[in-house]
Amino acid sequence: MKLNSKIPEGKLEEKWRNYQANSHLINPTNKKKLNVIVVGSGLAGAGAAATLAELGYDVQCFCYQDSARRAHSVAAQGGINAAKNYQHDGDSVWRMFYDTLKGGDFRSREANTYRLAELSAPLIDHFVQQGVPFAREYGGVLVNRSFGGVQVQRTFYARGQTGQQLLMAAYSQLYKMIRAKKVDMLPRHEMLDLVVINGKAKGIIVRDLTDGTIKRYAADAVVLATGGYSRVFRLSTLAIGCNGSAIWKAHKRGAYFAAPSFTQIHPTALPQSSDAQSKLTLMSESLRNDGRIWVPTKKDDARKANEIPEDERDYYLERRYPAFGNLAPRDIASRAAKERIDAGHGVGPLKNGVYLDFKNAIDRLGLDTIEDRYGNLFKMYRKITGINAYEKPMLISPAAHFSMGGLWVDYELMTTIPGLYAIGECNYSDHGANRLGANSLLQASIDGYFILPNTINNYLQTELAEERPNVDHPEFERVEDDVKEHIAKMMAINGSRTVDDFHRALGKVMWQECAMSRNRAGLEKAIIQIKNIKKEFWSEVKVTGSEAELNPELEKALRLADFIELAILMCVDALQREESAGAHFREEYQTKDGEALRNDADFMYVSAWEYNTGNFKLHKEELKFEYVEPTVRSYK
Amino acid sequence: MKVTCKIWRQESADSKGNFKSYETDGLTEDMSFLEALDHLNEILVLKNERVVAFEYDCREGICGQCGVFINGRAHGPHDHVTTCQLHMRSFKDGDTIVIEPWRANAFPILKDLMVDRSAFDRIIEQGGFITAKTGTAPEANAILISKEVSDKSMDAAACIGCGACVATCKNASAALFTSAKINHLNSLPQGRPEAHKRVLEMTQQMQLEGFGSCTYTGACEVECPAEISISNIAEMNARYLKAKLLS
Ligand SMILES: Cc1cc2nc3c(=O)[nH]c(=O)nc-3n(C[C@H](O)[C@H](O)[C@H](O)COP(=O)(O)OP(=O)(O)OC[C@H]3O[C@@H](n4cnc5c(N)ncnc54)[C@H](O)[C@@H]3O)c2cc1C
Ligand code: FES
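As given, the protein sequences belong to chains R and L, one line each in that order.
Each residue of the first sequence is one higher than the one before, counting from 1 in the numbering used here.
Each residue of the second sequence is one higher than the one before, counting from 1 in the numbering used here.
Misleading hints may appear alongside valid ones.
As the list claims (entries may be wrong) - Derived DSBU-like pairs (lysine-lysine); straight-line CA-CA distance at most 35 Å:
#1 L:K170 <-> R:K304
#2 L:K244 <-> R:K181
#3 R:K383 <-> L:K197
#4 L:K2 <-> R:K392
#5 L:K47 <-> R:K542
#6 R:K542 <-> L:K16
#7 L:K197 <-> R:K33
#8 L:K2 <-> R:K304
#9 L:K92 <-> R:K508
#10 L:K20 <-> R:K525
#11 R:K508 <-> L:K6
#12 L:K47 <-> R:K534
#13 L:K197 <-> R:K359
#14 R:K383 <-> L:K244
#15 R:K508 <-> L:K47
#16 L:K92 <-> R:K351
#17 L:K170 <-> R:K383
#18 R:K181 <-> L:K197
#19 R:K484 <-> L:K16
#20 L:K242 <-> R:K215
#21 R:K379 <-> L:K170
#22 L:K197 <-> R:K182
#23 R:K508 <-> L:K170
#24 L:K2 <-> R:K534
#25 R:K542 <-> L:K92
#26 L:K197 <-> R:K32
#27 R:K636 <-> R:K200
#28 R:K379 <-> L:K6
#29 R:K542 <-> L:K2
#30 L:K152 <-> R:K181
#31 L:K47 <-> R:K182
#32 R:K215 <-> L:K170
#33 L:K133 <-> R:K200
#34 L:K242 <-> R:K181
#35 R:K32 <-> L:K242
#36 L:K47 <-> R:K484
Unchecked claim - Only some residues are given here: those of chain R computed to face chain L with a beta carbon under 10 Å:
#37 A21
#38 F134
#39 R136
Bear in mind the hints are in silico, worked out from the structure with no lab data behind them.
Backbone N, C-alpha and C fix where the C-beta goes; we use that ideal spot for every residue, glycine too.
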């Protein structure tokens, strides 16, 4: 299949407007006849479900948690970007577009990235209208702060709970439409497979988590908004239930998977303290606005932080990247931390962290200001570690955080399966090889609120003439049988190892070989190791209880089985891309001073993988840069 | 570290439950309380037993999905901390820890430590929103809101919907939860057009769901992980009276 990105004609600034002007409309009476399945109730899913319902479609919305309000968007702390230029510091749509494109190391489409910047300002208007209590000045106007990778202040925030506040707005709007009987909300329902009829997405198979019933849902179009898959590393900043299952199953049914190995490792999480640990807590990147990152210049320095004099501290980000200092983009900051830790300068009980120090900021701005800006983060730090960070520097360390990769989508956010859309973190669209801080709440939201509701008409109008989707179609039966067989097979193994045990094994391989820095030998080895884990899993895993009941162990096992397969594709992708770009750092391709070495001549494309019964086949979407000359990404 | 976990086991919504004790060895102080339960579950699997069902997702105190009664307190021994942010260093080697689900008529037990809190969603459904469609918003800075008002709204908006307030209240009242949403929206200019309707409908739904009424014991605000103040309830009541008078 030839990939068609469907980028509209016209100048960059006019593309989205041209698209809207030329896309098909559906009249209100016909909209009522069409129904759309939205899997996921995070910012992308809830935004889409509510807006599609407002437009008149019938919507079924699914999530695996007990309420739509718990989607992992809730955990975003730092903020959301918008090119409002409220600070009068030279910001503009163009600059935001450029920062995003450059931040992604020129591995995303110009047209998509521009649209992201263009729709950012109206999104802030939208959220204010929905009652988001963003931070404000005494005079009543909105406040901004800066975030990693940019030099203007364009980030809007609600204390350290921006994601929560945005999600509450989306959830409220969703419940408004539930009340209007236009959305049927199905929490504790997990999508386990996709139903494709005559080449088009026509429904899903889900498991009701409360009693294990397998159910069928049919629709005119299916939208996946299932979030990120960084739990493939096991330890990550994601919620425990976050999974790749929905997109993985869609991939196996024909949707291409783009840039699976592009994953972001966040520089400021709390370090791992033991093997039993189930997740890594993020400390918002906004802390890097005022905190300074350092390690002792002496290796294996056993002194306490406060005993180490100023001239024996290495503020390595300020040293290596004087222009951006502590605000260097995430991939760079994480790699720099790893470099120092690997070189023996790590701090903390397991020597796996670096310091994030607020002493200077407190001296300069006063304790009150720091408390006002980051109070809840300091409180959280204390709850988890028992340490008061107003007195001692925080200990931080890199952690798996965000998946730039995801299902390949065109400009309309449609995957390679007609009628199947992917929105929010689960697609590959705007961030390229590295996402800028505060850009993904934005992407998830505009995908759901603004883009999809405008593009889906184009497809749905062709479906009006078709037969209404029906769960009695034989294909539903076939896919349901596949799902049931998969579960029965898993339950029957009754081996000797727990699901968590396998997840730890997978996580170790992925963190070692497919995280911050990668190399050919390591990736080749990882693929073999993961294939072994897969074999072992399917002969040795033990899941107790039954499939016909609420069974958290089975839920975990099903998610892990998909992660294992996805992990193989991630390594295959990382191996194939023989360059360093953004978060994808191949040790073989670096400059003399250890910076990423991109190869535009050979790799200026998006890798879109076809499942091809497990013999992954690569398709290339060439990237053309008409408006911006790809430069070497330097933050020095 | 070794503790005895005395855990409420109940197979399904309509079966009878009872406590079962599990000696749990191999714990460390750095483990979170939920990681200790994970650890226990791994042991149970290897002994061919059903795992203990308990709720969680984010494990960082923000999604509100976790929540159990630990030694007679919602979310355990500390004030303002979710179950997922509790660590084993809060217990001593040899302790017996009693673990139960939230208990309230409006939160029926699903299994073991898991309850159904969908009543909260239905309260939100009755007006916990601003009626405005996507695409109709005016320029953000056209609505000026003083920092004081915005901060106060944010204090209330911080609720994570965990249900600890209900679980800890002797009347199983949802007044803290409901008031938080009402005050978040009603104190903002955007929320004002529907302010009266909102307070009347949401409080009515709260009663329909079978939550008890508030008698101001203040127990809820002590447990609330988001530190929602009980003054929200007084404010909601004032708003309620005003709405009643004016409608
Ligand atoms: C700790 C943390 C902090 C962050 N901070 C920021 C920040 O400050 N700024 C920023 O811009 N971005 C931030 N991000 C990134 C950002 O929050 C996410 O990228 C974004 O919220 C993703 O939204 P989403 O709607 O795509 O997915 P999510 O919010 O994760 O929603 C996924 C939904 O899909 C459902 N789901 C998943 N799988 C299934 C299935 N199989 N069946 C049924 N339902 C399913 C879930 O139940 C959920 O409802 C942060 C991320 C993390 C982890
Ligand atoms: S698991 Fe999310 S608040 Fe505890």
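For each hint, the structure was consulted:
For the hint linking L:K170 to R:K304, the alpha-carbon distance of about 48 Å lies beyond 35 Å, and the restraint is violated. For the proposed pair L:K244 and R:K181, the alpha carbon gap of about 27 Å is at most 35 Å, so the pair holds. Restraint check for R:K383 and L:K197: the C-alpha separation of about 39 Å exceeds 35 Å, so the hint is violated. For the proposed pair L:K2 and R:K392, the alpha carbon gap of about 31 Å is at most 35 Å, so the pair holds.
Between L:K47 and R:K542, the direct Cα distance comes to roughly 10 Å. Compliance with the 35 Å bound is thereby established for this hinted pair. Distance hint between R:K542 and L:K16 is fulfilled; the C-alpha atoms sit about 27 Å from each other, no more than 35 Å. For the given pair, L:K197 sits about 32 Å from R:K33 by alpha-carbon distance, which is consistent with the 35 Å threshold. For the proposed pair L:K2 and R:K304, the alpha carbon gap of about 31 Å is at most 35 Å, so the pair holds.
With a CA separation close to 31 Å, the supplied pair L:K92 and R:K508 stays within the 35 Å bound. Annotation: proposed proximity of L:K20 to R:K525 is violated, straight-line Cα distance about 45 Å (limit 35 Å). For the hint linking R:K508 to L:K6, the alpha-carbon distance of about 33 Å falls within 35 Å, and the restraint holds. A hinted pair counts as satisfied when its Cα atoms are at most 35 Å apart, and L:K47 with R:K534 qualifies at roughly 23 Å.
With a C-alpha separation of about 49 Å, the suggested pair L:K197 and R:K359 falls outside the 35 Å cut-off, and the hint is violated. The straight-line distance between the Cα atoms of R:K383 and L:K244 is roughly 43 Å, outside the 35 Å bound, and the hint therefore fails. For the suggested pair R:K508 and L:K47, the alpha carbons sit about 26 Å apart, so the restraint of at most 35 Å is met. A threshold of 35 Å between alpha carbons decides the hint, and for L:K92 with R:K351 the separation of about 27 Å falls inside it, so the pair holds.
A hinted pair counts as satisfied when its Cα atoms are at most 35 Å apart, and L:K170 with R:K383 qualifies at roughly 27 Å. The straight-line distance between the Cα atoms of R:K181 and L:K197 is roughly 19 Å, inside the 35 Å bound, and the hint therefore holds. Restraint check for R:K484 and L:K16: the C-alpha separation of about 30 Å stays at or below 35 Å, so the hint holds. Simply put, L:K242 and R:K215 have alpha-carbon atoms about 47 Å apart, too far for the 35 Å limit, and the pair is violated.
For the proposed pair R:K379 and L:K170, the alpha carbon gap of about 29 Å is at most 35 Å, so the pair holds. As the CA atoms of L:K197 and R:K182 are separated by approximately 21 Å, the hinted pair is consistent with the 35 Å bound. Straight-line distance between C-alpha atoms of R:K508 and L:K170 comes to about 47 Å, which puts the hinted pair past the 35 Å bound. Between the alpha carbons of L:K2 and R:K534 the distance comes to roughly 34 Å, so the proposed pair stays at or under 35 Å and holds.
For the proposed pair R:K542 and L:K92, the alpha carbon gap of about 32 Å is at most 35 Å, so the pair holds. The hinted pair formed by L:K197 and R:K32 meets the criterion: a straight-line CA distance of about 28 Å does not exceed 35 Å. Restraint check: the Cα-Cα separation between R:K636 and R:K200 comes to about 49 Å, which exceeds 35 Å; the hinted pair is violated. A distance of roughly 30 Å separates the Cα atoms of R:K379 and L:K6; the hinted pair therefore holds under the 35 Å criterion.
Restraint check for R:K542 and L:K2: satisfied, since their Cα atoms lie roughly 25 Å apart, inside the 35 Å limit. Proposed proximity of L:K152 and R:K181 is supported: the alpha carbons are some 33 Å apart, at most 35 Å. For a cut-off of 35 Å, the pair hint linking L:K47 to R:K182 is broken: about 47 Å separates their Cα positions. Our distance criterion of 35 Å between C-alpha atoms is broken by R:K215 and L:K170, whose separation comes to about 39 Å.
Using a Cα cut-off of 35 Å, the hinted pair L:K133 and R:K200 holds, with the two alpha carbons roughly 30 Å apart. For the suggested pair L:K242 and R:K181, the alpha carbons sit about 30 Å apart, so the restraint of at most 35 Å is met. At roughly 39 Å between alpha-carbon atoms, R:K32 and L:K242 are farther apart than 35 Å, so this suggested pair is violated. Only pairs whose Cα atoms come within 35 Å are accepted, and L:K47 paired with R:K484 is accepted, the gap being roughly 26 Å.
Look at R:A21: its Cβ only gets to about 16 Å from chain L, farther than 10 Å, so that hint breaks. For R:F134, the interface hint holds, the least distance from its beta-carbon to any beta-carbon of chain L being 7 Å, beneath 10 Å. Hint on R:R136 holds. Least Cβ distance to chain L is approximately 4 Å, under the 10 Å limit.
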